[in-house]
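*Asks:* Construct the complete structure from the given sequences, taking the supplied hints into account.
Counting in numbering that gives the first Met the number 0, the sequence shown runs from 0 upward without gaps.
Among the clues, some could well be false.
[As the list claims (entries may be wrong)] Calculated pairs, BS3-like style, for lysine-lysine (alpha carbon to alpha carbon, straight line, at most 25 Å):
id	residue 1	residue 2
1	346	327
2	334	187
3	252	346
4	192	413
5	268	327
6	377	367
7	390	377
8	230	264
9	264	252
10	240	264
11	413	377
12	367	417
13	234	260
14	260	240
15	211	234
16	381	418
17	189	389
18	187	230
19	389	185
20	407	418
21	434	390
22	327	185
23	327	260
[As the list claims (entries may be wrong)] Label pairs and their computed distance ranges (CB to CB):
id	residue 1	residue 2	range
24	77	166	14 to 24 Å
25	109	208	42 to 52 Å
26	421	367	38 to 48 Å
27	346	178	47 to 57 Å
No lab work stands behind these hints: they were computed from the structure.
Small disclaimer: the values here were computed from a predicted structure and weren't measured.
Positions of the beta carbon are idealized from the N, C-alpha and C atoms, including for glycine.
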Amino acid sequence: MEFNLKKKLIQLYYNIIQSLTFVPLTILIGYFILVIILIKLHDTEIGLESARAFPWIQVKSVALASEIITTLLTGMISLTVFSFSVVMIILSQAAQNFIPKILYKLKEDKFMHIVLGCYIGTITYYIVLLVNFGMEGEETIVPYIAFIVGVLLSIINIFLFVYFIHRTSLSIHARRITERLFNNTKEKLKEEKNKYKEDEETIRLNTTIQWKNYNSNSSGYLQSVDDGLVKFLAKRDLILKIHPVFGEYIVEKMLLLGLNKEVDKETLKEIESGLIFYSEERVEENSKYGFRQISEIAVKALSPGINNPGTAIFCIEYLTELYAILIKQNNSIYKRDKSGLVRIIAKDESFEDILFLSFSSIKNYGKKDIMIMEKLVKLLAKISPHDIDKKHQEYLNHLLVSVFDSVKENINDKIDLKKFYQTTEIICGRDDYFKEAIMGYSFTSLLI
Numbered sequence: 000m001e002f003n004l005k006k007k008l009i010q011l012y013y014n015i016i017q018s019l020t021f022v023p024l025t026i027l028i029g030y031f032i033l034v035i036i037l038i039k040l041h042d043t044e045i046g047l048e049s050a051r052a053f054p055w056i057q058v059k060s061v062a063l064a065s066e067i068i069t070t071l072l073t074g075m076i077s078l079t080v081f082s083f084s085v086v087m088i089i090l091s092q093a094a095q096n097f098i099p100k101i102l103y104k105l106k107e108d109k110f111m112h113i114v115l116g117c118y119i120g121t122i123t124y125y126i127v128l129l130v131n132f133g134m135e136g137e138e139t140i141v142p143y144i145a146f147i148v149g150v151l152l153s154i155i156n157i158f159l160f161v162y163f164i165h166r167t168s169l170s171i172h173a174r175r176i177t178e179r180l181f182n183n184t185k186e187k188l189k190e191e192k193n194k195y196k197e198d199e200e201t202i203r204l205n206t207t208i209q210w211k212n213y214n215s216n217s218s219g220y221l222q223s224v225d226d227g228l229v230k231f232l233a234k235r236d237l238i239l240k241i242h243p244v245f246g247e248y249i250v251e252k253m254l255l256l257g258l259n260k261e262v263d264k265e266t267l268k269e270i271e272s273g274l275i276f277y278s279e280e281r282v283e284e285n286s287k288y289g290f291r292q293i294s295e296i297a298v299k300a301l302s303p304g305i306n307n308p309g310t311a312i313f314c315i316e317y318l319t320e321l322y323a324i325l326i327k328q329n330n331s332i333y334k335r336d337k338s339g340l341v342r343i344i345a346k347d348e349s350f351e352d353i354l355f356l357s358f359s360s361i362k363n364y365g366k367k368d369i370m371i372m373e374k375l376v377k378l379l380a381k382i383s384p385h386d387i388d389k390k391h392q393e394y395l396n397h398l399l400v401s402v403f404d405s406v407k408e409n410i411n412d413k414i415d416l417k418k419f420y421q422t423t424e425i426i427c428g429r430d431d432y433f434k435e436a437i438m439g440y441s442f443t444s445l446l447i
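*Replies:* Now the structure itself:
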């Protein structure tokens, strides 16, 4: 019960703050309060002192003031409509040229929300201000402080609009989007590093406990676990093992978790409610989504409709650095309680599984482009020194051979082939890591 309520509250909180309307609505309320305060200042001592100190700010004609504010209001409405149109065009282009999965990042751009909030806040400001223009007997009422601030707001919004157009035009550049994904993934990988450390206790737990297994009662993508679940398990002296890897789609009745002892249905329900399910692929939750999304951008760039190998090349370069970090990590995850005892054992996708998904898809789409194939060889060569215990040597050799086979089958230009094999011999022949793959090929004979 406590996890269900907490999950709903957390989900509600994130739905509110990540909504496109949250920041604009907050700013709108701020502008509304501001204009009310400035109007009230008109008849206060501060307003009277300001009028005496700066007589030029007073506007005697209600018609003139109303005309100015009405004109500014009309302009702001047009500016807001145009800006919203720009946002929709950006999202549409991103979906067509890249992948729909990255749209949530563009929608969560806080600067975009702030600009839109300033626009609709200014519109609200002008409407409230217009309502308060009028006559009281023979006296003209124009809240001149609020009027001057309203004019200044229009000038500020013009500068915001110029910067908004500049920023949004850059935000859909392939390199900028990919670089943002790369930086987020790299940061998350470093954050996850400590979760993968194994010791004697974790090895013993994995091999000695007779797990009591339970099937799933729900469906969805398994993303992570609630931090409060560790405390819940510690109170009941339980150890939880999650069988599927994070990011896997879970269906009802599928094997989901194991416990070191049997529990009642209520406890099991509480434990399962501590598992987090949702459909979006957020790099902030799992670094492996970053690999997947960068790979998909590369594949999209190599598709006949886009045909932009340059984008695919820098995607491969970013992936190279990320794989150099990932190859040194274990894919088992351990969460401990305050006393240091392991309470949760889980798994992420293995290095080889993640590498296979991106490597094979890019290789298949770029098999007729010699530069793409050469970049894939360099990827393998650059990450191999980070495989210190050579745990993945056999697999990386296998991938290198698959590149050779693909090049042999799909590239017919002799000059391209000669350069490719010369580069490969130089890069991969520096040490014995790729000896198995190199020895299996006579590059000279392949050019005949």
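*Asks:* Give a verdict on every hint.
*Replies:* Consistency of the hints with the structure:
{"no.": "1", "hint": "346 <-> 327", "in the structure": "15 Å, holds"}
{"no.": "2", "hint": "334 <-> 187", "in the structure": "17 Å, holds"}
{"no.": "3", "hint": "252 <-> 346", "in the structure": "20 Å, holds"}
{"no.": "4", "hint": "192 <-> 413", "in the structure": "45 Å, violated"}
{"no.": "5", "hint": "268 <-> 327", "in the structure": "36 Å, violated"}
{"no.": "6", "hint": "377 <-> 367", "in the structure": "17 Å, holds"}
{"no.": "7", "hint": "390 <-> 377", "in the structure": "19 Å, holds"}
{"no.": "8", "hint": "230 <-> 264", "in the structure": "19 Å, holds"}
{"no.": "9", "hint": "264 <-> 252", "in the structure": "15 Å, holds"}
{"no.": "10", "hint": "240 <-> 264", "in the structure": "17 Å, holds"}
{"no.": "11", "hint": "413 <-> 377", "in the structure": "20 Å, holds"}
{"no.": "12", "hint": "367 <-> 417", "in the structure": "15 Å, holds"}
{"no.": "13", "hint": "234 <-> 260", "in the structure": "14 Å, holds"}
{"no.": "14", "hint": "260 <-> 240", "in the structure": "11 Å, holds"}
{"no.": "15", "hint": "211 <-> 234", "in the structure": "18 Å, holds"}
{"no.": "16", "hint": "381 <-> 418", "in the structure": "19 Å, holds"}
{"no.": "17", "hint": "189 <-> 389", "in the structure": "22 Å, holds"}
{"no.": "18", "hint": "187 <-> 230", "in the structure": "24 Å, holds"}
{"no.": "19", "hint": "389 <-> 185", "in the structure": "23 Å, holds"}
{"no.": "20", "hint": "407 <-> 418", "in the structure": "13 Å, holds"}
{"no.": "21", "hint": "434 <-> 390", "in the structure": "15 Å, holds"}
{"no.": "22", "hint": "327 <-> 185", "in the structure": "13 Å, holds"}
{"no.": "23", "hint": "327 <-> 260", "in the structure": "33 Å, violated"}
{"no.": "24", "hint": "77 <-> 166: 14 to 24 Å", "in the structure": "20 Å, holds"}
{"no.": "25", "hint": "109 <-> 208: 42 to 52 Å", "in the structure": "46 Å, holds"}
{"no.": "26", "hint": "421 <-> 367: 38 to 48 Å", "in the structure": "20 Å, violated"}
{"no.": "27", "hint": "346 <-> 178: 47 to 57 Å", "in the structure": "29 Å, violated"}
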